[in-house]
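Using the sequences and the hints, build the whole thing.
Protein chains in written order, with the UniProt record's numbering: chain S, 1 to 330; chain V, 1 to 330; chain A, 1 to 330; chain H, 1 to 330.
Honestly, the hints are just simulated from the structure, not real lab data.
Glycine included, each C-beta is placed from N, C-alpha and C at the ideal position.
Heads up, a few of these hints could be off.
[To be verified] Some chain A residues flagged as far from chain H (calculated, every beta-carbon gap over 10 angstroms):
| hint | residue |
| --- | --- |
| 1 | Arg10 |
| 2 | Lys35 |
| 3 | Glu45 |
| 4 | Pro68 |
| 5 | Gly70 |
| 6 | Asp71 |
| 7 | Gly74 |
| 8 | Arg75 |
| 9 | Ala79 |
| 10 | Gly87 |
| 11 | Glu107 |
| 12 | Thr151 |
[To be verified] Distance condition first, Cα-Cα at most 27 angstroms in a straight line; then the derived DSSO-like pairs of lysine-lysine:
| hint | chain 1 | residue 1 | chain 2 | residue 2 |
| --- | --- | --- | --- | --- |
| 13 | V | Lys56 | V | Lys35 |
| 14 | S | Lys99 | A | Lys99 |
| 15 | V | Lys99 | H | Lys99 |
| 16 | A | Lys56 | A | Lys35 |
| 17 | S | Lys35 | S | Lys56 |
| 18 | H | Lys56 | H | Lys35 |
Chain residues, written in single-letter form:
There are 4 protein chains.
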Amino acid sequence: MQLGIIGLGRMGANIARRLLRGQHEVVVYNRSAEKVRALETEGAEGVASIEALVGKLARPRAVWVMLPAGDATGRMIAALAGLLEPGDVIIDGGNTFYKDDIRRAGELAGRGLHYVDVGTSGGVWGLERGYCLMIGGDAGVVGRLDPLFGTLAPGHGDIPRTPGRSAADDRAERGYIHAGPAGAGHFVKMVHNGIEYGLMQAYAEGFDILKSKASESLPEAERFELDLADIAEVWRRGSVVSSWLLDLTAQALAGDVGLSRFAGEVADSGEGRWTIDAAVEQAVPVPVLASALFARFRSRQEHTYGDRLLSAMRYGFGGHVEAHGGGEPA
Amino acid sequence: MQLGIIGLGRMGANIARRLLRGQHEVVVYNRSAEKVRALETEGAEGVASIEALVGKLARPRAVWVMLPAGDATGRMIAALAGLLEPGDVIIDGGNTFYKDDIRRAGELAGRGLHYVDVGTSGGVWGLERGYCLMIGGDAGVVGRLDPLFGTLAPGHGDIPRTPGRSAADDRAERGYIHAGPAGAGHFVKMVHNGIEYGLMQAYAEGFDILKSKASESLPEAERFELDLADIAEVWRRGSVVSSWLLDLTAQALAGDVGLSRFAGEVADSGEGRWTIDAAVEQAVPVPVLASALFARFRSRQEHTYGDRLLSAMRYGFGGHVEAHGGGEPA
Amino acid sequence: MQLGIIGLGRMGANIARRLLRGQHEVVVYNRSAEKVRALETEGAEGVASIEALVGKLARPRAVWVMLPAGDATGRMIAALAGLLEPGDVIIDGGNTFYKDDIRRAGELAGRGLHYVDVGTSGGVWGLERGYCLMIGGDAGVVGRLDPLFGTLAPGHGDIPRTPGRSAADDRAERGYIHAGPAGAGHFVKMVHNGIEYGLMQAYAEGFDILKSKASESLPEAERFELDLADIAEVWRRGSVVSSWLLDLTAQALAGDVGLSRFAGEVADSGEGRWTIDAAVEQAVPVPVLASALFARFRSRQEHTYGDRLLSAMRYGFGGHVEAHGGGEPA
Amino acid sequence: MQLGIIGLGRMGANIARRLLRGQHEVVVYNRSAEKVRALETEGAEGVASIEALVGKLARPRAVWVMLPAGDATGRMIAALAGLLEPGDVIIDGGNTFYKDDIRRAGELAGRGLHYVDVGTSGGVWGLERGYCLMIGGDAGVVGRLDPLFGTLAPGHGDIPRTPGRSAADDRAERGYIHAGPAGAGHFVKMVHNGIEYGLMQAYAEGFDILKSKASESLPEAERFELDLADIAEVWRRGSVVSSWLLDLTAQALAGDVGLSRFAGEVADSGEGRWTIDAAVEQAVPVPVLASALFARFRSRQEHTYGDRLLSAMRYGFGGHVEAHGGGEPA
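Here it is in structure tokens:
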């Protein structure tokens, strides 16, 4: 079927490509024309403005917006809303905060427009493996777009079926779900990313212990010369901790076990933060997910003011002068 | 090759079975004779005492002890040590604390006996899928036992090769590693379990947020009727959080999304605790792994004394009477 | 000087009383007239409506609103705004979210009204000891109200002076500060409460360890028959952990060392949650403050869904049947 | 009464001084003679060897060992045990691990010697304010030493009495307790220090949020120019978070609000770590105390290996190149 796509960053461009490979008709727009031209060579129809994009699409139109969450997405949706007609649908495939989805869907509904939010996981691997899609919006509209979602999703692949599942609705088994009304897609994706932070930090801490046990700062009698690349590799087979993140860990360690290319300042995105906000709002204890986020915050600071305050208190009550405190406090 | 196995619990019995299927010769002993007889019908040679077991094995002997970590294992190894001869090897496949391995290996070395510690992951799935093995001990002795380890491990299977790995030592790719000297196997297994706790808790917290968002205690306007079984299922495909633990989660939720069979009191084992102790000893910050352990501790208490103390302080400074405090404090 | 007070709950009534004792002129209004009459007997002028209250006050008026944070406060301020005249000031002494203060101050400024937010700490002790006040708003307006703040605050008392403080502005030493523009007062109070949660939880966990070491579930050889009331008491003298919260702990334990009046379900308020939200927004790692909040969330649940999920995973990979799981899962 | 003191570091010397001021007779030994001579000028009797110290004391002797916990203390007690006679008592006033106390007390009992462990809090302030003492050992022996403990402890001072306390045993109100048998004193002191870490970290995190809110990296509209020294000061009066640690914080900030003398690398001692080990051993959830310890570990590392691993995973699944990663990973 036909889809307009706005935003040809890595994610948007690959979504266009995967749809083209699935024989869908794709009309693409991007602020920089270069990326439009690249997609044209792969079979997309390129346009130079969103007005042109809207003009190329048959009613009811479907337009997938794939821009950075926040202002860029908000402005684009507002502009599109001025061009589209009742019955058309705007799909936000980015990482929008789910409460913004709910508000936006309400505003668009007032103009007869539909809004579908799609949490999209898959990263650089999605083009080949397919994207895991978590979709929010009106059931009828989501159903109308099913051919697109079915193409973007991974499909059954060779992943073993989960015993005990009924076959009634096999969309989850093909890699996409209709999670609920507007906002539900991004809500599920948000929690997905929160979990991801926790999983990553669990591996990070475990490998930190292993690394530290192999450290030359330990007396030789207490040290184990552990091969971290081999450890990651062996856990991929038969162990309880096998996962895709472990596969990536094994890959990174196989290439450079010292990870010397990485400085250790770790970014975080809105979804990790919103997960904690949601947990706080819902009174759900999430010590692991929060600790994982805080570890990222901490990774980006050399020393916190709080750390210096700890030293100051220690000096105050015990006269302790911290080793690297730059001289005896007066 | 030939192996004696002591302890035919689920793990020991399945290890015997997998070796028998691999055409090894297995002599088995268990305190209760019933389990010995069961293995005999599958091709093992059963014996009624450890003396008999030692008598059946050709020198240099190899005996795999598969008993609960702690006293049972310690006593059995001490008894075996009195029966074996120089050059023989005792394999501890249980969940022994790695410092006990180091001490024990030293004691046995004084008698000319070898000691190999094998951290074994695989649970009830190991018989079919193979066991992930993390092995500590003398390299020569570990090498001598290689046919056994190769049979027990999963092998390459259909798991994609990690790009960038050299083919020099492919044991990790076949599911087992020689991690280092005595203790190193159980050290790596210990950290493996620590990570496992963290991973599990990350999923648990994420699903708690989802569950809470679907709760009828929320106003309908704030609620999403999320299908948790579908969410677990869809994340198995194309998403960053896919893992074996997620497969198991999907399976549990497919059967009973309310998890009503489970009360929520979660056990923990030595390895999760030792991981934290090791991190503390090595001064490694492990907020996620520790939080995961504490969540299990907490799950087994109805209310902590500390919680009551919080209420008492709140009453003290603010006159707050906690809702369920059983009446106005005097 | 003259002040109108709206809301005669425990905090509002005691603020009125402390001002009356300081020879200020206080006009009070409360939805239920009974509390108004009580204050009248102590020297306040009571009124039956906010219109009457506004009518009694000389310009420029000052009205202190002391209502539960949220809708009640918002509605009252909106109503007052319709009655007051340019130059008048509304003081919000409740626990309002600081971003609401900023928005509200802007709205009121458009009508020529001033807004002052006062974070007020002191609980049931404030009437006698004085209230610690954290004040946000325009410096000139805060200055105009100084006689009120000076009376409400504890004053120098017999607390030793902090060495090294300059005497330029001694308000902090008398127990109140002008923290900054509108919102700054409640921001500081919010963080104050976040810290309070962390402090309380630190004591709670420490006493939990002590209690557990004295538990009859331990073998007698490992047990210490600790007297928790004596421990709290002794730490009040000469120890690094002495604090007002410890005084309250000692008091609670002196009365009932088993804390049997308290069920252990601990409430939390907006400020503890907003502290975490603020930290997340500002990318500040706050593992202790967040853990303290989560412990309260957890205290109000018997078992989490996440805990049950942990058990389900354990059953899935290891066949572990959790002790209280209500029978063997199928 | 008469006491021998071994070890004249800051703590040992001040304990000697406080006893001298209380008219006790003190015989002192220190490895470096200079400190012995200093104490002689203040009225102590100095000796040049532990043999001489033992020779100066009347039976039953009491010797207070005040050395760094661990090997130094262990060796000194072993040496003393060879010189003392049945009925004599060795007091360990250092920070010994409580399980070492229990073992040591048992060994000494075999030789008819008594062992008393004293957890001592007070830091550089103890000389003037008195020391908070947590004492383990045989009740009769502890009773015999009561004059010493009564002098060292702060006494009632001007701290308000805790309502509801019975007057039967007023030692806790005078600043020392007999906590239980050998080891109980150091156990209580250990938990005391664990709590101290939690309290300190709670303040540190709170001030970090305040500092960050005042940071010039924020847009001016979101910033509050908070005066952190004033905030610490005001909280000392009437607020729930007042404490001795807050007094010290106010003092540090009054002198240098930027805390520029402190680098932010924070040491930790055995007791903070043992508290976590004890909690893990006793299955007590201590998220706050553990987080506080981990924050100190983290403060001493620039970046963790785990942080780099997080970046490596992010690169692996999303092609994310972390800002400070030192160039594009290949």
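Legend entry - Status of Glu45/A, Cβ more than 10 angstroms from any chain H Cβ: Its Cβ never comes within 10 angstroms of chain H, the nearest being 27 angstroms, so this holds.
Legend entry - Separation of Lys35/A from chain H, once the least beta-carbon distance is taken, above 10 angstroms: At roughly 24 angstroms from the nearest Cβ of chain H, Lys35/A sits farther out than 10 angstroms, so the non-interface label holds.
Legend entry - Exclusion check [Gly74/A not at the chain H interface, CB over 10 angstroms]: holds, 22 angstroms
Inset, instruction - Mind checking the alpha carbons of Lys56/H and Lys35/H for me, to see if they're no more than 27 angstroms apart? - result: Holds: Lys56/H and Lys35/H sit about 19 angstroms apart, inside 27 angstroms.
Legend entry - Pair hint outcome, Lys35/S versus Lys56/S [Cα-Cα no greater than 27 angstroms]: holds, 19 angstroms
Inset, instruction - Determine whether the non-interface label on Asp71/A survives the test: each CB of chain H must be over 10 angstroms from its CB. - result: holds, 25 angstroms
Inset, instruction - Compare the distance between the alpha carbons of Lys99/S and Lys99/A with 27 angstroms, and conclude whether the hinted pair is satisfied. - result: The given pair, whose Cα atoms are some 18 angstroms apart, holds under the 27 angstroms limit.
Legend entry - Assertion that Arg75/A lies outside the chain H interface [Cβ separation over 10 angstroms]: holds, 27 angstroms
Legend entry - Arg10/A and chain H, when compared Cβ to Cβ, separated by more than 10 angstroms: holds, 15 angstroms
Legend entry - Interface exclusion of Gly70/A relative to chain H, criterion Cβ beyond 10 angstroms: Gly70/A is indeed farther than 10 angstroms from all Cβ atoms of chain H, at 22 angstroms.
Inset, instruction - Could you check that no beta carbon of chain H comes within 10 angstroms of the beta carbon of Glu107/A? - result: Glu107/A is indeed farther than 10 angstroms from all Cβ atoms of chain H, at 16 angstroms.
Inset, instruction - Would you mind confirming whether the straight-line C-alpha gap from Lys56/A to Lys35/A stays at or under 27 angstroms? - result: holds, 19 angstroms
Every hint, counting from the list given before, is met by this structure.
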